[in-house]
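K.L.:
Protein chains in written order, with numbering that gives the first Met the number 0: chain A, 0 to 344; chain B, 0 to 344; chain C, 0 to 344; chain D, 0 to 344.
Just so you know, these hints were derived from the structure itself, not from any lab. What you are looking at is a predicted structure, and each value in this text was computed from that prediction instead of being measured. Heads up, a few of these hints could be off.
You can't tell identical chains apart in this list, so a pair holds if it fits in one copy or across any two.
DSS-like mimics (lysine-lysine), calculated; alpha carbons at most 30 Å apart, straight line [what the hints assert, rightly or not]:
#	residue 1	residue 2
1	299	20
2	297	181
3	181	299
4	103	299
5	13	181
6	103	20
7	103	13
8	297	13
9	297	20
10	299	13
11	297	103
Below are the chains, spelled out letter by letter.
Protein chains: 4
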Amino acid sequence: MHFASDNTSGVHPKILEALVKANAGFAPAYGADRYSLDLQDRLRDMFDAPDARVYPMTSGTGANAALLAAMTPPWGVIYCHETAHIEVDERGAVTFYAGGAKLKALPSDDSRLDTEMLRSIVAANRNNTDIHGMPPAAVSLANLTEFGELYTPAQLADIAQSSALPMHMDGARFANAMATSKVSPWEMTRELSTLSLGATKTGAMAAEAAVLFDPELIDAFESQRMRGGHNLSKARYVSAQILAWLEDDLWLELAAHANAMAARLAAGLTELGGVLNYDVDGNMIFATLPRAMHARAKAKGAAYHLWCEDTALVGDPETPQMARFVASWSTSEAHVDAVLAAFAD
Amino acid sequence: MHFASDNTSGVHPKILEALVKANAGFAPAYGADRYSLDLQDRLRDMFDAPDARVYPMTSGTGANAALLAAMTPPWGVIYCHETAHIEVDERGAVTFYAGGAKLKALPSDDSRLDTEMLRSIVAANRNNTDIHGMPPAAVSLANLTEFGELYTPAQLADIAQSSALPMHMDGARFANAMATSKVSPWEMTRELSTLSLGATKTGAMAAEAAVLFDPELIDAFESQRMRGGHNLSKARYVSAQILAWLEDDLWLELAAHANAMAARLAAGLTELGGVLNYDVDGNMIFATLPRAMHARAKAKGAAYHLWCEDTALVGDPETPQMARFVASWSTSEAHVDAVLAAFAD
Amino acid sequence: MHFASDNTSGVHPKILEALVKANAGFAPAYGADRYSLDLQDRLRDMFDAPDARVYPMTSGTGANAALLAAMTPPWGVIYCHETAHIEVDERGAVTFYAGGAKLKALPSDDSRLDTEMLRSIVAANRNNTDIHGMPPAAVSLANLTEFGELYTPAQLADIAQSSALPMHMDGARFANAMATSKVSPWEMTRELSTLSLGATKTGAMAAEAAVLFDPELIDAFESQRMRGGHNLSKARYVSAQILAWLEDDLWLELAAHANAMAARLAAGLTELGGVLNYDVDGNMIFATLPRAMHARAKAKGAAYHLWCEDTALVGDPETPQMARFVASWSTSEAHVDAVLAAFAD
Amino acid sequence: MHFASDNTSGVHPKILEALVKANAGFAPAYGADRYSLDLQDRLRDMFDAPDARVYPMTSGTGANAALLAAMTPPWGVIYCHETAHIEVDERGAVTFYAGGAKLKALPSDDSRLDTEMLRSIVAANRNNTDIHGMPPAAVSLANLTEFGELYTPAQLADIAQSSALPMHMDGARFANAMATSKVSPWEMTRELSTLSLGATKTGAMAAEAAVLFDPELIDAFESQRMRGGHNLSKARYVSAQILAWLEDDLWLELAAHANAMAARLAAGLTELGGVLNYDVDGNMIFATLPRAMHARAKAKGAAYHLWCEDTALVGDPETPQMARFVASWSTSEAHVDAVLAAFAD
C-alpha cells in the first residue's frame, strides 16, 4: 500500500543488471566513458537533436538548478507555476544557483501555466526596460506537472509562442507524460532549450540526464554543474542506468504500468465518492475524501500524503480533505485494491 | 596499467551485492530508510560520537561545499592548503555555497598545512576586528592530502591548537589514511567538526557520508545540502554501499591493498632513477623522471597524469618531469609490474 | 510641473548649510565622527530605543537589502506586498544580498499587506518543516507604501501578530507617513526589528539611516553593509544631513507640505473627473483619467508617470489610464495649479 | 596632525560650492540629469575614449565590486596583488558581487603585481581547460597601490601583455598617480577595460565615477550596480562634485599638494632614522621606526596607523615597527612639521 511517492519504490531488475555489467574493468572518469558517450548518442537520436549535449547526473534538483542558472543572468526572471517543484520543493535551489534571479510563480486554475497570464506578465516585464526591474529570461514547466497533469505538444507550443522565452522542462515524470501522450520524443521536446530527464522516479536508482538542446549554454551549464558538485566521477554507472531504462522502451513500459495503476485507483476512489482535484494524466492522483475516510484508511496502514490541511485528521470527520496518491512501476493491482479496500470499509 | 585515478576503477563486488539486496520492496525516501539509519548508528559507534549526524551523498564536492558553507558566514575565511581539492579542483564550489566566503590558500614545503604559518595568519586575521577585513571561520584539510600525504592525529591536534578554529576534513581518501596510520577512527577524527567520508575512490559506486560531529551545524548543513541538490530521494542505495564498505573492515582491506600497490610502484620507480616528490603515505605517488622515460612509457600505453608542465613531452628528453600515479583497490601487482616494465625498457 | 518623482526635487537649504558646517577640519572616517554618533543618540531618543544602532548610508536600496539579508538565512522567506519596491524596483537586490532567500510577494485589494492572507501563508510555510520547503524569516513593508498608502500603528501590530515574524520597514517616505498619522515615532516603530529611514525623498541629498532595533543583527548587518559597498568613508556628511533634517522637526514640516500639495492635487483631479485608485495618505496620487486628458496635459509639459499601460497614449482617447503624481517638499501651490490647468483646459 | 587617512579630511570649498549651485530646481533622477551627462562627456574627452560610459557613484568598494563582477563569470579568476584593497579591505565584496569568482592574490617584493609571476600563473590556469579548474577572467590593480606606489604606463602595458586579460584599475588615488606621473589620462588608462575613478580621497565628499571603456560590459555592470544599491536617485550631486573636481585641474592640484606633503614628511622621517618600506610615489608613506619613537609621537597626539604588529607598543622599545602616514589635500606644511617634531624630540 505504498502510494506516498514514486521515490519509495526500488530499482527495476534490468537496471540493476546493467550496473553489474558496467562494472567490468577500468573506465575514464567524469563522463568520458563509453556508457556516457553512448547515452548522448542514444538521446540525440531519440530527440532528433544531433547537436544536443547530454550529462548524466544523480539529482533532479541539481539538474533543474544548474540548467536554469545557465539560462538566466543573476538579475533575470524565470516564470513557473506556483505549484512547481522548483518553487516549493527545492529550498531555493534555482535562486541559489542563479545568483539571485527571480522565480516568478504564477497561479492558474489547474497546475499548468496559464498562457494568457504568462503572455501578459512577460510582456509587461519585457516592456519595462528600466534598470530597476528584472528582465524576462526563461520559462520552466514540469511535464507531468507536480499535480500529475500533462502538457501536450500543442500546449507547449502555445507557451513558447506566448512568452517568446527559452523553455526548460522538469522531466522528473517525463516517462509518464510520454506514456500517456503517445507523441514522439521530438514532438514533446522541440520547443525546449533544456530538459531534466528523470529516470529515478520510473525505476532507476539515481539517474537523471541533463539535456542541452541549445549549445550556447554549454559553458555556463558545465560550470554550474561542476561547482554545484554534480560532475560525478564514476559517471558510467549513471549512464548505464539510463541506457538500460531506454532499452526496448523499458521506460515507457514502466511508466504506462504506473499510469494504469493510477487510473485504476482513481476510478476506485471516484466510486467511493472521492472527487478528483486535477486531471489524472499519469501516475499521480489528487483526490478529496471526507476526513473520516482518510482516518480509516490510515488506521489500516494506507501510505499516502494528506495535502496541506489537517494532517492530524482531528477535525470534523465530514470535512473534505485532499490527498495525493502516487503509483510507480512497482505498484501492483493488489496494492491498488488493498488501498481501495482500506477506504471502502 | 590504469594509474590515472582511483576514479577509473570499478565497484567492489560486495558493494554491488549490497545494492541488489537493498532493492527489496519499498522504502521511505530522503534518508528515512533503515539503511541510512543503520549507517548513522554504525558511524556513531565507529567514531565514538553518539551525537554525530550522518548524511548519505553521492558527491565529495557536494559534501565539502555544503559542510564548509555551514561552518562559515558568507564573509568568513576558510584556511586550506594551496594544493587542496577545494581550492584547485571544484570550480569555486565552496565559495559558491558559502555565498562569497574566502578560501585562503596557504603554501608549504609539502602538501600539508604549515602549522606556524597557519597560526600566524589566523592570529593576524583574528586580531583585525575591523569590519573591512574578513574573520577566520574554519580550517579545511584533506587526509590523505591531494598529494597523497598523511596527517597523523598529532599533526591534526597541532593544527587545531594553532588555529583554534573548527576543522573540516576532506576524507576522499580517508580509508587510505586510516589503513596507513593504524590509529582508531576516533583518534583520526576527534579534532573535527565535520568530515566528508568518501567511499567512491575506495571501491564504491558513488557514496559519500557527510558527518557532522558538531550538532549546531545541522540546520545550516541540511539547508545547504538540500538547495545544492544533494538530498537524494532513494538514499537507501547510497547508505547500503557504505554499510557494505564498512562491513568486516572491507574499506581498510581495499585501502591497504591500494597503498601496498603504490608502495610497490614507488619502490620500482625509485630503482629506475625516479625521484619521489612527496611522501608516499597511501595510494598516490608523485614522481619525477626524465621526459624521455615518460614518452617511452606513454608510448607503451601507460595511463597516468603528467603534472602541470610539458604534457605533450616535446621538450628536451632529459628534462625532469613530475607525474602522478594513483593505485586503487583493483590495481594488481601485474598492473604495477607492467607499468614499471614500460618505463624500464 | 514636476510630479515625476520626489527624487527630482533638490536639497533643502538648511541641509546644504549643514554640509558646509560639517566640513570644518578633520574627522574620523567610517562613522566614528561626532555627527554619526550624535545621529545615533538623536534617533535612540526619538524612537525611545536606547539600544538601537544607527548607520548612515546613501542608498535606500542598499539599506533595505543589507537589513533584510541580516534578518534571514539564505533559504528563508521574506513576505512583502507584490507592489513593494524591494519586489519590483531593486533588480533583485534583496535576493542577491540574502544569498538566494525568497521574496514572497502577496497580492491584496490595495497596496498594503492583507493580514489574513499573510497569517495563512506564513502558518502554512511554518507548519511545513520539511527540508524541501523554505521557512518564514521576516516581513517587509513600506510606510508609506509604494502607492502612497499609510499603515497605522494598529495595522502594523496586526501584521506583527498575524505573522509572528521580525518586521522590516522601508521608510523611504517615513516622514510622509509620520506627518499624516500624527502618532509618535515610537508608536510607528515599536513593532519593528529594522527600519530604513529615508531622508533623500524628503529634502536630503543622499541620506538614509539604517536603524537596527534588534541588536542581534549587528554583526550580520555590518558585514552585509560592508561587502555591499555601503560603509562610506566620509560618513559625517551623511549624518549631518539627517541631523539637520530632524532639527526643529524640519522633516515633518517638509513632509506635511508635500502631503498638502498632494491633497490639493487630488482634490483638483477629482473635480476634473479623475478617479483616485489608492488612498491619498501622503505625497503620492494614483489617479485614472481618460487618455485624451493625459495627452493634453503631457502636451503642455506636465511631468508625471503614466502607469503600466499605453504610455504612448495612442489608443482610444476615452480609455481610462492610471497615472502617478508625486509631490515633494519643493512642490508649490502654483505647481499644483499649473498641472491642474493643463488637464482642465 | 591627521595622517590616519585621506578619508579624514574634508571637502574642498570649490566642490561644496558646486553642490550649492547644482541645487537649483528639479532634475531628472538616476543619472539622466545634465551634470551626469556633462560628466560623461568630460571624461570621454579627457580619456580620449568617445564610447566610454560613466556612472556616478558614492562608494569605491561598490564601484570596484560592480565593475569586476561585470568582467568575470561566477567561476572566473581575478588576479590582484595580495595587498590589494579588494583582497584585504572590502570584506569579500568582489567575490560577493561576482557570485563566487576567485580573487587570486599574488605576492611580490613590493606592492605591485609581479609581471612574470602573473604571466606564469595565468598561463597555467588558461592551459588547464578542465572543468574542475577556474578560468582566468581579469586583472585588477590599484594606481597608486594600497602602499602608495605608482604603476607607469609602461608597467601597465607589461601587465596587459603578460596576462592577456581585461584590466580593472582601482583609482581611489588616481589623482595622486596622475600628479606624480606627468603622463596624460589617456596614457594611464589605454590598457583598461574599466576604471574606478575616486574623487573622495582627493577632496570630494563621496564621489566616484565608474568608467567602462569596454561597452560590452554595460548591461552586466548596470545590473550589478543597480542590485548592489548603487544607482543613486539624486545623481546630479555626485556628478557635480566630480565636475568641480576636474575643473581647471583642481584634482591634480590637490593631489600634487598631498604628494608634496608626503615627500616632505618622508624626507623628515628619513632624517630621523626612519626607513621607507615602499616607494613614496604619492601621498602615502610606509616607514619603519623604533617602537619607542612611535610611543613618543603617539603620546604627543600624532594620528597615524601602526601597521599589523604591536599596535599597543608594549614590546621592546628598540624593535622596529612599520607605520602608515597619509597626506591629503588639506595637509599643511605645519601639520608635517608638527608630526616630525613629535617624533624628533
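K.L.:
Indicate, hint by hint, whether the structure satisfies it.
P.N.:
Structure-based check of each hint:
For the identical chains of this complex, residue 299 and residue 20 are inter-copy neighbours only, at 28 Å across copies versus 41 Å inside a copy, given an alpha-carbon limit of 30 Å. In the homo-oligomer, the alpha carbons of residue 297 and residue 181 never lie at most 30 Å apart, since the shortest distance is 36 Å inside one protomer and 52 Å across protomers. For the identical chains of this complex, residue 181 and residue 299 are neighbours neither inside a copy (37 Å) nor across copies (52 Å), given an alpha-carbon limit of 30 Å. Taking the closest pair of Cα atoms, residue 103 and residue 299 never come within 30 Å of each other, the shortest separation being 41 Å inside a single copy and 39 Å across copies.
In this assembly of identical chains, residue 13 and residue 181 lie within 30 Å of each other by CA distance solely inside one copy; the values are 24 Å within and 41 Å between copies. Proximity of residue 103 and residue 20 under a CA criterion of 30 Å is satisfied in neither setting, with 45 Å inside one chain copy and 44 Å between copies. For a Cα distance limit of 30 Å, the shortest separation of residue 103 from residue 13 qualifies neither inside one copy, at 40 Å, nor across copies, at 44 Å. In the homo-oligomer, the alpha carbons of residue 297 and residue 13 never lie at most 30 Å apart, since the shortest distance is 33 Å inside one protomer and 38 Å across protomers.
In this homomeric assembly, residue 297 and residue 20 come within 30 Å of each other (Cα to Cα) only across copies, at 29 Å, whereas the closest approach inside a single copy is 42 Å. Neither within a single protomer nor between protomers do residue 299 and residue 13 lie at most 30 Å apart by alpha-carbon distance, with minima of 33 Å and 38 Å respectively. Taking CA atoms no more than 30 Å apart as the test, residue 297 paired with residue 103 passes in neither setting, with 36 Å inside one copy and 34 Å between copies.
Taken one by one, the earlier hints fail for this structure at numbers 2, 3, 4, 6, 7, 8, 10 and 11, listed in ascending order.
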